[in-house]
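Trainee: Starting from the known structure of chain A, fit chain B onto it as the hints suggest.
One-letter residues, chain by chain:
There are 2 protein chains.
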Amino acid sequence: MLQASLTIDPAFTVGDVDPRLYGSFVEHMGRCVYTGIYEPGHPLADESGFRTDVADLTRDLGVPLIRYPGGNFVSGYRWEDGIGPVDERPTRLDLAWRSLETNRVGVDEFLPWARSVGAETMMAVNLGTRGIDAARDLIEYCNLPGGTYLSDLRRKNGSAEPHGIRTWCLGNEMDGPWQIGHKTAYEYGRLASETAKAMRLVDPSIELVACGSSNSSMPTFGSWEATMLGETYDQVDYVSMHAYYEQRGDDRDSFLACAVDMDRFIDAVIATADHVRAVGRRKKRLNISFDEWNVWYLKRFEGEANLAIREAPPLIEDVYSVTDAVVVGTMLNSLLRHADRVKIGCQAQLVNVIAPIMTTPGGAAWKQATYHPFALTSRYGRGTVLRVEPASPRHETKWLGEVPLLDAVAVQNEDGVSLFAVNRSQTSPMTVDVDLRAWPGYRVASHVMIADDDPEAVNTAENPERVVPRPVEVPAVDGGRVALELPALSWSLVRLERA
Amino acid sequence: MLQASLTIDPAFTVGDVDPRLYGSFVEHMGRCVYTGIYEPGHPLADESGFRTDVADLTRDLGVPLIRYPGGNFVSGYRWEDGIGPVDERPTRLDLAWRSLETNRVGVDEFLPWARSVGAETMMAVNLGTRGIDAARDLIEYCNLPGGTYLSDLRRKNGSAEPHGIRTWCLGNEMDGPWQIGHKTAYEYGRLASETAKAMRLVDPSIELVACGSSNSSMPTFGSWEATMLGETYDQVDYVSMHAYYEQRGDDRDSFLACAVDMDRFIDAVIATADHVRAVGRRKKRLNISFDEWNVWYLKRFEGEANLAIREAPPLIEDVYSVTDAVVVGTMLNSLLRHADRVKIGCQAQLVNVIAPIMTTPGGAAWKQATYHPFALTSRYGRGTVLRVEPASPRHETKWLGEVPLLDAVAVQNEDGVSLFAVNRSQTSPMTVDVDLRAWPGYRVASHVMIADDDPEAVNTAENPERVVPRPVEVPAVDGGRVALELPALSWSLVRLERA
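Chains A and B, in that order, give the protein sequences. Under UniProt numbering, residues 1 to 499 are what the first sequence spells out, in order. Under UniProt numbering, residues 1 to 499 are what the second sequence spells out, in order.
No wet-lab data here; the hints were simulated from the structure. Fair warning: there could be bad hints in the mix.
It does not matter which identical chain is meant; a pair holds if it fits inside one copy or across any two.
[As the list claims (entries may be wrong)] List of simulated lysine-lysine pairs, DSS-like, C-alpha gap at most 27 Å:
hint	residue 1	residue 2
1	Lys283	Lys398
2	Lys183	Lys197
3	Lys197	Lys284
4	Lys284	Lys398
5	Lys398	Lys299
6	Lys283	Lys197
Next comes chain A alone, as it looks inside the complex (with noise of 0.2 Å):
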């Protein structure tokens, strides 16, 4: 049996957590738009065409925010394509994709959608093959109230009140060779600044995200974001940073520790912005939008050049086990422990593509077993995070070295306290003391969990309900401590409130 022990305090705090870290992701991409939210003719399709059931799904997954609509789809994209009547809309090769767009949801269809689940929309430009001209009129189309030919053009669409976009991305991946108009840092900084620029000057109430690495594996990596920022810091509010993790082979204790590598790549990515502010003599800080994380079977994906030219294909649409869902879990951690900066999360991508929601084009949607602890970190970890500073054995993994076996971390609120707490190892039970005598009057109320004996156990669409957290029998508080059980190989949320 691990033995591990933690500390909840509130006197230790790392920051507020901005609800925004648990937004998502739709891009115009493989199946996420076209049969995932939105199918007209679909038994439980609303009169505008999206599915009710992906919406009621959406909702419960508690998603405050939602990137649209790319990617690298928006790197080519025309914003016009997607306005005005529907039946007179062109369908465009799409070249991320190599797919067809048929641009039936636009910013006037998508934008009340993500409203009608309780989502704010962060809006991408296309900063690929466009630039200022194509930002500043879609901004004033989606967030003037009216008086110009963009806004009135809205208005006549049948949008009367303005978007109200408030979070807005200065292109996306800007930094990577596949991305259609890739650029060198110094060329994607002068056009981002100039680009925010200008939409600042239709509304000066916005917030604007810099592209920084795609990953921390790009040779430039770091170089990027310091040259970028060089250029851009006084004009935007966020660097964006992008990660996928998968199991390599058959080293899945290198996978299980992936968080260990979000938390370097993040502190790394702040000490660069922080250097830039130094340098420049800056007072405003910048802060992260992780706005593109999961895990992600790359190897499992034959690359974007070699795609025939089809509607809405089904695009890495991955099927995620008990492990993939417990390291889900440690990435919400990851972006947890950084909550004094990491203000804004876009898990990638909502539905069907690397998606806690599936569908079938005309049947069933239902709950990846990622959806779950994603679901109850949001509901849950809202609040003040605390810093539990765990003593956790370690072991010693190939790609990261020696690692912490017990990631964990706990956020306060009014309604009491949730510890998020998964044990690493793949074959040892581990016994976490907690030390709680700073919540005198408290109980641990309950306890969920997610583990199974077989960690490769899925959910389908036949048998949806065979990976879900499962509540376990709760210890009781002596002398302020409480010693919680963590099986091999599981993720747990953790319920104290007051007796």
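Mentor: Chain B only, in chain A's frame:
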């Protein structure tokens, strides 16, 4: 009465204190060496000419490391001038301080003296007028046991055992236009890297310090570190920092808050080092050598250019007040708060030159007001630094904006816990509610304080005990909490020990 609180809990740590955090600095400048530590003919001089009264005060001050022999002095220094028969050594013109350098003290005198007061020496090499050749000769002379021309020369000169110098500074303040042989960041980075390589070929066990910025208001601050570390990162272990603070005009509130600036400065240099680490995919982390820091009334200093050429002139002999002592306490707190990354600190300088110890030639040696917080922090501030997360009232300052009025840090070791606390308010006493629930069976064993009805009170040769720490009444721990009373403008050491 101001109300503040903090929590002392061994579960929440910053890192272990490297004792070298309590280092000092002896430069061949003013009266630091000649009529400072060294004064043949003084009634209390030992057979080597070193003053035993100064050595005793140095030993009591608790300095485990002394940086030597500069400072600006080193950038024109020929170390060979300071070896061999004393009466054959040349008198040289020191360009840094326009002084006559008699070279009566050199490495073979200084190193044994430092050892005699319990300190190792951190040696600086001249990268101003010299470079690789002088550096590799000096380390061969100092660190090789024998069997080479220079190590045998040391033996012939009376030092049979090698000096065994572990830590070396690659020049001094090379970013400063005032420095002899001032260089651009790239020029310095290349020279430091190649010098480091050669020195490591002589002695692979050494640690090396690269020159960071001379202060945070240098126009090159930040970019200097990034460029210089781009060239030196893999060859060095520490980045140096220097900072001096003084009261400007009647703005004492800003001066009392200068540790807030010091915290920000340290955070910025760490961010830059970690940025360079990320760009280079390095595993090694660089630490900080804060090898010059103190209160220095630069406004009272006429400047290097106007000095008459003299031997051991009385240069920048600031007399320190109660206020300065309180500020020195907060600067030590700032170093402790960063104990995970700041491993070396050198208060500049040891004797006479902006120093805790003052001497009269032929006469007395005495302790300045600033001696006391340093000596007590060095004695009681070793072990593991604890995060105490002070919740403090704040006020607005002209220079630094809103700052907390309470500055506090705690250090734990087997003897107990030391809390170092400053009330920055000039007018209001403060009650600090300390949560000690993690320390059952502990009591407040003592509380000593520096505070005075006259915050400008100083020690002098005639009245050397005007400003000393004084014990105050010790409050009882009640229900795991204790209320400490901190007068306006005061520095405190509170000791917790097992009852």
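Trainee: Look at each hint and say if it fits the structure.
Mentor: To see whether the hints hold, each was checked on the structure:
1. Lys283 - Lys398: This pair counts as between: shortest inter-copy Cα distance 15 Å, intra-copy 41 Å.
2. Lys183 - Lys197: within (19 Å within a copy, 38 Å between copies)
3. Lys197 - Lys284: Within. Shortest intra-copy distance 17 Å satisfies the 27 Å Cα cut-off; inter-copy 39 Å does not.
4. Lys284 - Lys398: For Lys284 and Lys398, only the inter-copy Cα distance (18 Å) is at most 27 Å; the intra-copy one is 39 Å.
5. Lys398 - Lys299: within (19 Å within a copy, 57 Å between copies)
6. Lys283 - Lys197: within (19 Å within a copy, 38 Å between copies)
In this structure, none of the earlier numbered hints is contradicted; all agree with it.
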